[in-house]
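Visitor: Sequence:
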Amino acid sequence: MLITTSHQELFFQIKNPSDHQSQITDVTSNIITVSLFFIGTLRTIILLIVVLLLFVIPFGLCPCLLCCPLYRKFLKAKSLHRFLSFSCNCPCYRARPKQRFQLQFVFVVLMSCVRIATIVFCLAVHKNITMQSLAVIVAISFFFLILTTMLDFYHYRVWWHYRPNLILRDFNMPSTPLSPKHKRFIPYTLLGDNRTMRFGDKACSKGAQCKNRDLEHIFIFHFKSYNPQPRYFDIEQTTAGKNLYIGFHQTDPKSAMLIAHSDFLISTAYKSTMIGHGVYFARSRDGTENKANRKGAFICAEVEMGRVLRLNPDERNLYRGKNDWWSTHDTSYFCNADPRLDEFCVKSPSQILRWVMVIENGFDSKVFSYGLDREFDDTKCLCI
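So that you can map any letter, position 290 of the sequence shown is 1172 in the numbering used here, and since no number is skipped, the others follow by simple counting.
Hints should not be assumed to be uniformly reliable.
Here are the computed lysine-lysine pairs in the PhoX-like style, where the Cα-Cα straight-line distance is at most 20 Å [as the list claims (entries may be wrong)]:
1) Lys1088 to Lys1173
2) Lys1204 to Lys1229
3) Lys1262 to Lys960
4) Lys958 to Lys1204
5) Lys1063 to Lys1229
6) Lys1124 to Lys1153
7) Lys1177 to Lys1106
8) Lys1229 to Lys1124
9) Lys1173 to Lys1136
These are computed hints drawn from the structure, not numbers from a lab.
Let the sequences and hints guide you as you build the complete structure.
Guide: This is the structure:
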């Protein structure tokens, strides 16, 4: 816009230099060009107006505004920063950080297509320095569009490819790569127990009838007591590779990080192996509370059950501290008198196909230091 006003000779053809009157070279072509230009640079134009109204004009009229605490607070407000970066903070994104980036990416792609169309149209008009100059200006604007996309991608990575920062003095984070079975860490603020039940931030509407077996969905949209599947022997499968079951494991954050970078370890201690040696799982997060020896981290895993040995309440200590059933079965499943408290034990970590993890509040400092627990506290006008 500055170039247009200061160098009119680039954008206007002088019909008669003596009368200093400018005339647009081709009305139809320029209407199309200007329309595409304004659509493609809509975000830039809005930002320019906002910056003029909020910063340039106020400082020009009264420079002492910067000394006003209320104005400084306004400038520091996250809602203003989100508005300037066109980052929507709709409540529906509280539990859907991936969706926020997807919509932002679609918007950027659409704007990029419009800008590319502008450049192509301008270059198609031969021997017209006006169009060619405009094409150069639009091409330069791609740099800022790329910066915006990088900012959106960083925001997406912080939430959806989250890496916790443990509050442990005697623990060094493993330097080995994450296990291919490890899908992701989820910030504890995304757990279903933190849903506000407001529009866009509600738990799964299907409740106990939900058929979604996605591990992230189970953690994010369901409460701690939720059992993703009925009792194992009510849905038992016999087809190899399809006998899958969702299990929950609780341990301490240190062990959880080691698991994420390697794999589960077999429990062999007599006291903690009620139904035999192996890796133990419950049917829900709640079901792990009175069984786990360590606390601070939850793991939701998809398990291949294989051949399953059924143990009834009167057989609960039959295989304590033993692995006798390993030769004939892959999993031992204990049917508690209360179905919610059922637990099962797999003999090999290879049966655990994939998992997601949550490090609980009090053990992970990154959520607070990055402000993830306060991300939506200062939302204005429902979505800014």
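Visitor: All hints, please: hold or fail.
Guide: Hint by hint, here is what the structure shows:
{"no.": "1", "hint": "Lys1088 to Lys1173", "result": "28 Å, violated"}
{"no.": "2", "hint": "Lys1204 to Lys1229", "result": "11 Å, holds"}
{"no.": "3", "hint": "Lys1262 to Lys960", "result": "10 Å, holds"}
{"no.": "4", "hint": "Lys958 to Lys1204", "result": "62 Å, violated"}
{"no.": "5", "hint": "Lys1063 to Lys1229", "result": "17 Å, holds"}
{"no.": "6", "hint": "Lys1124 to Lys1153", "result": "32 Å, violated"}
{"no.": "7", "hint": "Lys1177 to Lys1106", "result": "15 Å, holds"}
{"no.": "8", "hint": "Lys1229 to Lys1124", "result": "18 Å, holds"}
{"no.": "9", "hint": "Lys1173 to Lys1136", "result": "18 Å, holds"}
Against the hints set out earlier in the document, violations occur for numbers 1, 4, 6.
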